[in-house]
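Visitor: Protein chains in written order, with our numbering: chain F, 543 to 1304; chain D, 543 to 1304.
Since the hints were made in silico from the structure, they are not lab data.
One thing to keep in mind: the hints can contain errors.
Given that identical chains are not distinguished, each listed pair holds provided it fits within a single copy or across any two copies.
Stated by the list, open to error - Only pairs whose alpha carbons sit at most 35 Å apart, straight line, appear in this in silico DSBU-like list of lysine-lysine:
id	residue 1	residue 2
1	K1091	K704
2	K658	K564
3	K1225	K945
4	K564	K620
5	K709	K1187
6	K945	K709
2 protein chains.
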Amino acid sequence: MNDVMPAGQIGRSLPRVEARAKVTGRAEYIHNLRLPGMLYAKIARSTIPHGRIKRIDASAAAAMPGVHSVVTGEDILKVIPEPYFGPAFHDQPILALGKVRFAGEPVAVVLAEDPKIAETASQQISIDYEELPAVYDEVEALTSTAYVHEALKPAGMFADLKHLAGKRDTNVALDYHLRRGDVDKAFAAADHVFEHVFRTPQQMHTPLEPHCAIADATSAGITVHSSTQTPSSVRVEIARLTGLPENRVRVRTAFLGGGFGAKVYVKMEALAVALSLLARRPVKVALTMEEQFFTISKHGSTFRIKSAVTKDGRITARYCEVIYNGGAYADIGPRVAQKSGFSAAGPYDIEHVAIDSFETYTNRPTAGALRGFGMPQLVWAYECHTDMIARALGLDPVEFRRKNLLRDGLPQATGTVLRDTATDAVLDRIVQRIGWGQPFDRGGGTIRRGRGIAIGMKASISPTTSVATIAVSADGSATLYCGTVDMGQGSTTALAQIAAEALSLDAEAVRVVAPDTDTTPYDMGTLGSRSTFHMGHAVRRAAEEVRGKLAAMAAEAGVPAGTNLPIAEIFRRKYGMQAGTIVGSGSFVPDYVPPNHDTGLTPNATPYWMSGGSGVEVEVDTETGQLRILRLVNVADCGTPINPKIVETQLTGAAVMQLGFTLSEEMVFTDGQLRNPNFADYKIPGIRDMPERLDGEAVASRQESGPYGAKGVGETGTFGVSPAIANAIEDAVGVRITELPITPEAVLRAIRAAAGDPLGDE
Amino acid sequence: MNDVMPAGQIGRSLPRVEARAKVTGRAEYIHNLRLPGMLYAKIARSTIPHGRIKRIDASAAAAMPGVHSVVTGEDILKVIPEPYFGPAFHDQPILALGKVRFAGEPVAVVLAEDPKIAETASQQISIDYEELPAVYDEVEALTSTAYVHEALKPAGMFADLKHLAGKRDTNVALDYHLRRGDVDKAFAAADHVFEHVFRTPQQMHTPLEPHCAIADATSAGITVHSSTQTPSSVRVEIARLTGLPENRVRVRTAFLGGGFGAKVYVKMEALAVALSLLARRPVKVALTMEEQFFTISKHGSTFRIKSAVTKDGRITARYCEVIYNGGAYADIGPRVAQKSGFSAAGPYDIEHVAIDSFETYTNRPTAGALRGFGMPQLVWAYECHTDMIARALGLDPVEFRRKNLLRDGLPQATGTVLRDTATDAVLDRIVQRIGWGQPFDRGGGTIRRGRGIAIGMKASISPTTSVATIAVSADGSATLYCGTVDMGQGSTTALAQIAAEALSLDAEAVRVVAPDTDTTPYDMGTLGSRSTFHMGHAVRRAAEEVRGKLAAMAAEAGVPAGTNLPIAEIFRRKYGMQAGTIVGSGSFVPDYVPPNHDTGLTPNATPYWMSGGSGVEVEVDTETGQLRILRLVNVADCGTPINPKIVETQLTGAAVMQLGFTLSEEMVFTDGQLRNPNFADYKIPGIRDMPERLDGEAVASRQESGPYGAKGVGETGTFGVSPAIANAIEDAVGVRITELPITPEAVLRAIRAAAGDPLGDE
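With these hints in hand, go ahead and build the complete structure from the sequences.
Guide: In structure tokens:
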């Protein structure tokens, strides 16, 4: 990039380019789209967690005025003979076929001219089941004979999953194992061994815009308008399901009202497509906020972690057993178990590591990717565990971490060496911002205050592909075509800045078009904090191709090399008028070596590591268990921030989201029936739940392998929040919570139990 | 292209790829589009041909329920300070400003929630004028002091028009002059000199879909949905008018219900944009069929042609004075006068040539491009003239043409040498198909039959630019992005065939997206028969870039060179899954040397020449003047036909269109008022007007400089029809018609005049 004259677009806190459109209500969301002749779909859902469908009586619904038709899984077979989808396993039927596997599973659909009619009619569908034994807990799932699926059906395109094909009598969708050094020997020789178990509940993404897909199937092909984070991946999957070539399947999106991983891969799109193929009209499938509970969720988990530690505080060995509750369908869960699994031992330099990570099937709503892709569950566990060890050994938790920290240049558990991973700087900055070690008001009486910190580290995603195209018009204005979906994270702005920097333009001169597989080239998806790095590279390469073509055009037009003409002037010299377009494209696929099947080791698990952590100060009311977060500092290493203001809001936004997962959010089940499928009983953070002081900050760093030194920051803000709070609670009141959410009731019970109060024992 | 394995896509008579969508009513036309919140515009038009606007009283219209607002030229100034547009001259106000220059000119617009309300209200607008002297005839316009414009305003971007800027006291928008050899001397030395004058009336394009533009102006930019043949050029012009960069102006189109040159450059788009900027809502401007009469038309013309001929029939010199009636605004008329001007001497090898070609302003509706870009008017004249000379000298018209024919390798009048121009083959084939020289039934009594032929030649367009992009998906399916507008001519199919050939795919595997400046790169426009050649080159080059990138990707993935892997397999090797997109682009701008300003000569006026001609057999009823076309054969040289079936329909379609211009179509004016602005009184051909036998045929030829040997064929079918018919009439009944249309009345008058009947003298 020596040939690029820096235009100073990197590090600009440019306001989001779509801000005006959003505040004036002109920004497009798929939910607002209506097509002529469109039918509205409403889903009738299973009322039982596991069973065979005996009979579906849709006659009353079908007879209602305004109802176009009622569609069942059997009907889907007429247009899609193999109607099973999924990004890792092809296990999820578009509508239940023969069986249901969780309470809330889509069984039938009413198509009507009006959404209200569809909803009313959907309640008239009567379904008889023969119930089957079920399993709900992830630990029980390992040994239960209540099998959720007859056999495993991994997607054919993945070589590393092929050995699972057809495996029967198991609820383990995927088991990942890492073996580094000799853990057993190290434990036997240890001064101290600590073992703890931590749990997290199933939780919700809760984007404010629920899933919506509108499909329009015609003889020319299929168009899907979808609130998706992964238009390219949805296109490939719809092409597979329908047997169409990719270029006959168009998947487009607009702005998203949040995604957080809920909207990756096929969700409502396959159903909308099947319904449109059947009805031969456009069909809209738009979920309510409440239907999200039955669509996709965050894995509940059980994490048993065991460490060998020397008396002076060096961790010599660690064993991690991670069991994820994947619910009824695999979705991307197997990859969560695998990818987060290899980072389960934390950002520590540990010689002997063993990890067993399991994705289990249960009769619950499906779990998939959620901001952090499993890591928040793991950091929650290992950073509580870290503090518990430090306390037990009488060491300062920060010093204990520093002594064991995995620093740049050292291999992570997989063997992949850290490069430009500023975990130490993150830790230092948290310590500095929170005033660790300095005296503070610890309260008194029933109001006690404490501090806690936590750090975490995550791999980025690999293998994966991003492609970008840039068109430069004859007046020098540029248009960027890339599939990165702006769901509020500011990617449109950041990618415009990268393109502008590479083209020596102002970011305002770069227009970014909305993802549309007809227009924007392939991108695996907007997920895993990958867009800044992966798409950023592709965008920069596209700009470089443009620059090369501009130079060639200038040379053709007789401009002497080295002449610094404005782009518009180069076009004029070449074409004699305001005419022409230069089109450049660039692609990025990081180097990657798949983990060894036996050891789980690889020299190249990820193109880069992201680290982040939190420092908190809490106040606990020992009489009520009420918790106030007085201060929350989220610090991350994102390399060079492309747009510092957006980085800051990513970190504070992630803090608030993780605060909900830490303090209040939990999907509560009784016998597989969700008891709180509404946002009165399932409590996401409101404005009154905010920390009194909340800060987000990136440390000064640079990812040399990244575009302009940058890397992702979408997930890092989620890592430290939960364990830092639990650690602060122990600091304040001396009790340890090992299961989320940390409700006032949980805190009070722990306090009472510590005091020998029988209420605490319950 | 030696590296391309031919897939046999060239020369395939593939059915049009959009055929199914069209016959099932699913093909998109802009006329059918409604946007949420859209207002409908109805234009109030000038009732006088030339005058100052004294007062516009819109109070009654504005007060009508459902009317949003009434907009005048003065209102436009609030959003577009310099509201004058035009592709060659910036002379046309979006709405009349101060003056009107033809009866039918847009003066005010009603915006309403409903189109019917807008129409009713538009009739309530009262406008007072002060009338000004006017000029209507193109010959009178040369000397009249009734000036239509105060001063000439050529578009700033054209160097060759700059000398005209600010020129006053003239109705000549552009005068083109060619001088080759010494015409005066040659005439003085001639055995015979022949001079004739031919006229054509102002006529109509009559696409079945009238002009429609919908503009949606927001803070993010402007989107225009338009039934345009030139999305890129409209984008550049709207960007200029509004001061926006190109990438904030999106112009998209869909299928067009015909274009024929009526829809090139800005027509309703600037008005729609101004209205949307004023109303801050989407605005639709959709014309009725009848409003087309006041929007754009075909030039009426007067052509004085004079030839020096030796007694054995060699043409030694020719003088051409061409005067086009451009109407009130220049539109692309100056280019018509210039570009057709230099071909006015016909496809003949003439040593001494002088040409004066004039575009005049008159107080009539504007004239612009129409299929043939002036050439049908000129071929009409020079091929009648050719027959008249042959007859006068007693030579066979075919032999006379052969003796003088401009053959491949010889310079055309401009000095540009013919390469791969198969005019002789065209003439031979017409002779063969029509059975020239063979006996036929010449009728008798009042029914007489005759035969006629005519040939013509036209330059293609230059300078001009086309850019295409091709994206290939991971499954090997391809998408072609190009701005060529399919208005019924089959370009989508032909360009898919070219892309497929270059990619070694089946044409069915290539999807062609609709023109959209957000998506498809720059293309000057779909006009001048340029798309097959110019865009065909760009498409082939884009495919070549794709092939290069595929080869590089295969090499990167370790595929040995020369291995012939399917595209999908190359992707899989590189990305490990069905992922990625290869994007290639290509551009084409033909070599071009502008004509010398003094001599009009250039060694490179055009990248290729197109020739075509007709043979007809007619039957004349000498009692009524009624004409029957017994047979019409249209033959053209289009190089290698990409899709022979489509070439054939282009030739027969052009024949029918030109038949209307020949036999019935004429805009009739009295004092600048159009007397027949409706399709009852302005008669286009119906099914009963078809020739009894109609054939279209391309001669075997190859344009070496064209993509796969191909060149355009959209206009060649118009050349020979009119003069061949007039020549056949003279052959049948011995009278010569020199002015179109050749109505039964005109024939009868000529017959009577020839017989000395006073009715014929009127």
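Visitor: Against each hint, give a clear statement of whether it holds in the structure.
Guide: Quick rundown of the hints versus the structure:
1. K1091 - K704: between (43 Å within a copy, 31 Å between copies)
2. K658 - K564: For K658 and K564, the Cα distance is within 35 Å both inside one copy (28 Å) and across copies (34 Å).
3. K1225 - K945: neither (39 Å within a copy, 94 Å between copies)
4. K564 - K620: Cα proximity of K564 and K620: across copies only (26 Å, versus 41 Å in one copy).
5. K709 - K1187: Neither, since 49 Å and 56 Å both go past 35 Å.
6. K945 - K709: neither (44 Å within a copy, 86 Å between copies)
Violated hints for the displayed structure, listed by number in ascending order: 3, 5 and 6.
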